[in-house]
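Take the given structure of chain A and dock chain B to it, following the hints.
Number of protein chains: 2
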Amino acid sequence: MKGMGVAAVANSAQDGQTNAQAQGQAGVTVPPRAELVMIGTEMLLGEIIDSNAARIAQRLAGLGIYVYFKTTVGDNWTRMAAALSQALTRADIVITSGGLGPTQDDLTREVVAAVLGVPLVEDPVALEHVESWFRRHNRPMPATNRKQALIPQGAVIIPNPKGTAPGIIARRGHQAVICLPGVPYELETMLDETVVPYLKRHYVTNGSLHSRVLKFYGIGESLLAERLDDLLAMENPTVATYAGRVEVRVRITARARSEEEAAALLVPVEEEIRRRVGDYLYGYDQDTLETVAGQALRAAGWTLALAESCTGGLIASRIVNVPGSSEYFLGGVVAYSNDAKVELLGVPADLLAAHGAVSAPVAEAMAVGAMRRLGATLGVSVTGIAGPGGGTPEKPVGLVYIGLARGDWTEVHRLQLGGDRERIRWHTSQAALDLIRRHAQAAAPSG
Amino acid sequence: MKGMGVAAVANSAQDGQTNAQAQGQAGVTVPPRAELVMIGTEMLLGEIIDSNAARIAQRLAGLGIYVYFKTTVGDNWTRMAAALSQALTRADIVITSGGLGPTQDDLTREVVAAVLGVPLVEDPVALEHVESWFRRHNRPMPATNRKQALIPQGAVIIPNPKGTAPGIIARRGHQAVICLPGVPYELETMLDETVVPYLKRHYVTNGSLHSRVLKFYGIGESLLAERLDDLLAMENPTVATYAGRVEVRVRITARARSEEEAAALLVPVEEEIRRRVGDYLYGYDQDTLETVAGQALRAAGWTLALAESCTGGLIASRIVNVPGSSEYFLGGVVAYSNDAKVELLGVPADLLAAHGAVSAPVAEAMAVGAMRRLGATLGVSVTGIAGPGGGTPEKPVGLVYIGLARGDWTEVHRLQLGGDRERIRWHTSQAALDLIRRHAQAAAPSG
Chain A
15 MKGMGVAAVA NSAQDGQTNA QAQGQAGVTV PPRAELVMIG TEMLLGEIID SNAARIAQRL
75 AGLGIYVYFK TTVGDNWTRM AAALSQALTR ADIVITSGGL GPTQDDLTRE VVAAVLGVPL
135 VEDPVALEHV ESWFRRHNRP MPATNRKQAL IPQGAVIIPN PKGTAPGIIA RRGHQAVICL
195 PGVPYELETM LDETVVPYLK RHYVTNGSLH SRVLKFYGIG ESLLAERLDD LLAMENPTVA
255 TYAGRVEVRV RITARARSEE EAAALLVPVE EEIRRRVGDY LYGYDQDTLE TVAGQALRAA
315 GWTLALAESC TGGLIASRIV NVPGSSEYFL GGVVAYSNDA KVELLGVPAD LLAAHGAVSA
375 PVAEAMAVGA MRRLGATLGV SVTGIAGPGG GTPEKPVGLV YIGLARGDWT EVHRLQLGGD
435 RERIRWHTSQ AALDLIRRHA QAAAPSG
Chain B
15 MKGMGVAAVA NSAQDGQTNA QAQGQAGVTV PPRAELVMIG TEMLLGEIID SNAARIAQRL
75 AGLGIYVYFK TTVGDNWTRM AAALSQALTR ADIVITSGGL GPTQDDLTRE VVAAVLGVPL
135 VEDPVALEHV ESWFRRHNRP MPATNRKQAL IPQGAVIIPN PKGTAPGIIA RRGHQAVICL
195 PGVPYELETM LDETVVPYLK RHYVTNGSLH SRVLKFYGIG ESLLAERLDD LLAMENPTVA
255 TYAGRVEVRV RITARARSEE EAAALLVPVE EEIRRRVGDY LYGYDQDTLE TVAGQALRAA
315 GWTLALAESC TGGLIASRIV NVPGSSEYFL GGVVAYSNDA KVELLGVPAD LLAAHGAVSA
375 PVAEAMAVGA MRRLGATLGV SVTGIAGPGG GTPEKPVGLV YIGLARGDWT EVHRLQLGGD
435 RERIRWHTSQ AALDLIRRHA QAAAPSG
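These protein sequence lines are chains A and B, in that order.
The first sequence begins at 15 in the numbering used here and counts up by one.
The second sequence begins at 15 in the numbering used here and counts up by one.
Wrong hints could be hidden among the right ones.
One-sided excerpt, in silico: chain A residues whose CB lies under 10 Å from chain B [unchecked claim]:
no.	residue
1	R149
2	H151
3	G292
4	S351
Stretches of chain A that chain B covers, calculated by requiring three or more beta carbons in the stretch to come under 8 Å of a beta carbon on chain B [unchecked claim]:
no.	segment
5	206-218
6	247-259
Note that these hints are calculated values from the structure, not bench results.
Using N, Cα and C, we set each Cβ at its ideal position, and we do this for glycine too.
With the rest of the complex left out, here is chain A:
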């Protein structure tokens, strides 16, 4: 396969056809294919990170719809048309994001209409949608927003409960072009309320793809892949490893005629993976260390207090981002200065003087202080040197202590981490959340 000519590869029958074409010729049911076309010059200038593609892709994966290509183009008529046209030669479903705003730069409506060869028309439902948004927010509607009521003839709109720009679903034969705005929380609502149900109705056949992601902390990708070497060569289910942000993921994907059958295929493979590397497994699919740590605290009936120095509130912020976290999280102290450690956590000033702020005794005292001051079951502290400055030969950048306190028991972990400031802080938050999870899980009735 690797010797194949490239031009031939790019135009090969497997890749150059849409699902319906392949089905027509081969008479088999293959999953529908989608492509994403992300629109916005700001992404190509690196001014914003494209988080929408992941939102859309997650939903499509959940429906068993393959995404083979994602193309990002600027707000440029010619290149938008080229990307959209190419996507329509390969995919059943093309989802765009961006370019639906009210400004002169926002060209998605015009380009979709031109590529589909239909005129743009003002849609009364869309107009009412835009106007009512401004009414509800007691703002006058700028004249430019009227353009947001235009849709390609024959298309239908996707209601946007959180913003002015309605989305668009335009059909061409069996194909659909689905246009969503670029604002993430508008897009997310529209995906869940309209696009996913639409795709289920029109594209999801009984052939099913089922996927499960296992998430690991504390083991590197190379080592994990080495331990799973034979499994990585399997064909159904397939097993693949991915390096995440200071964690590793393993995805198992099974294909079968029904969802139940595909799900059943996953079970023995997952069990084998757990047997080999289960010590490092912290969760599944949408789990994060903060959601899993929170569930463990809730199950144990524990409350948590934090004392953060180098992470500066990052751990607290991750915990608080989980809805319902007020049940187990009491609060924390961002003790960035020595005075804050003394004043807010009761760390003895002579302990700081004797050992320095980044030391095991101070980490222990911070954890105990947070636990006592807030009356929590578990106190967890972090003190370290995130850099880029502040390192010494004895205490280099990346040196971090994590302290835990529960009743009279305490424990301190010493880590030497690599990477830049952001990575050291993130890694520290991963390590602390994993320790919280492990301790609370060990205490919970169900083990």
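For chain B alone, kept in the frame of chain A given last:
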């Protein structure tokens, strides 16, 4: 232009040629063109957000190199080859990210060699690079990592000081294919240390593109675009607006023969924009509200203490992510429970009982408490209902109070925000950082 046939558009001379081809024909100097090919099935499944593209694009924009397309493909030989081949028909420089790891899934080396029509060879420098990484980290090298020493014949390696996988620069005539790993902090270092100097040496001509981004908080994109309507229609410089994450950006881009000339073209346009909407302007280019607030605090000689409820450490975490923030940031309290507000901030229990935790008097008391306990010049507090639960008709989800205290002076702002939990928390952090910036800037000697 909008009536143009699409097939013709996709293959038009302007878009279907690389820079060298265009220059050869037209005899003019046009800026080099780059395309990005991001590799990783996990991106197409929505398991990770692609932040690398923004890192690469920022550097290219800084060099005046255009990026017209970014394509994301999975770890699939055929589709990787198709994306890379297509990029090479349009671009002078193709930068890939991902697929350089040690596993069976990592195919970038193989695909690049095949597309360029050269064999893969083991490079002794690359092998030493991989081996030395494991030596330095006192780990045995898994056999699979040996594959990371393979490069297309004739290519050179890009040192990777932070990981095992060296990058690759492979040439074909005037074109370069540059392969970088998918791990963000490895990629970033390699970009800055090797790729940017390489591109400067080989591709940056005297024709120059100069861009400046103005960042606004507190004004919506529609209104801003309306105020700048005539400027948005200009051709050189061009002016464009973008909705950010609870902020709006305006990019001014000028083209000229020299950098100085291009930079000079920006000045009058920027001045005009400042004249019209300067009240909302908080910064430029890589500025964020946390870096600007930090600069303002430093200039004023102030220190800051925080008391966060619904943001749960998000504001502190953003401030601490700025290197050197220990100069002005003393610390904060994440007072998530009422007890924490009483114990750590000295908020009177009867005030909480009388007004509730989400109220102006409690916000004020929290700000004063943080200021006094930590001995800071400025105390800033946040209390609100981030949802999804916890709202009432009187105090709906999205209600937020921000308190400020300095000496005997206090001030409380009431906000009613929209969106989901994450957006409300982010918006609150934007609002608080903007208030810190404004207050500190008003106090600084230079105004």
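Now for the hints, and whether the structure bears them out:
Contact between A/R149 and chain B, as hinted, is not supported at the beta carbon level, the nearest pair being about 15 Å apart and thus beyond 10 Å. With 10 Å as the threshold, the beta carbon of A/H151 comes within range of chain B, its nearest partner Cβ sitting at about 9 Å, so the hint holds. Given the 10 Å rule on beta carbons, the hint for A/G292 is violated: about 20 Å separates it from the nearest Cβ of chain B. For A/S351, the shortest C-beta to C-beta distance to chain B is roughly 5 Å, which falls under 10 Å, so the interface hint holds.
With 0 residues having a Cβ less than 8 Å from any Cβ of chain B, the segment 206-218 of chain A misses the three-residue criterion, and the hint is violated. For the segment 247-259 of chain A, the assignment as covered by chain B holds, since 7 residues bring a beta-carbon within under 8 Å of that chain's beta-carbons and 3 suffice.
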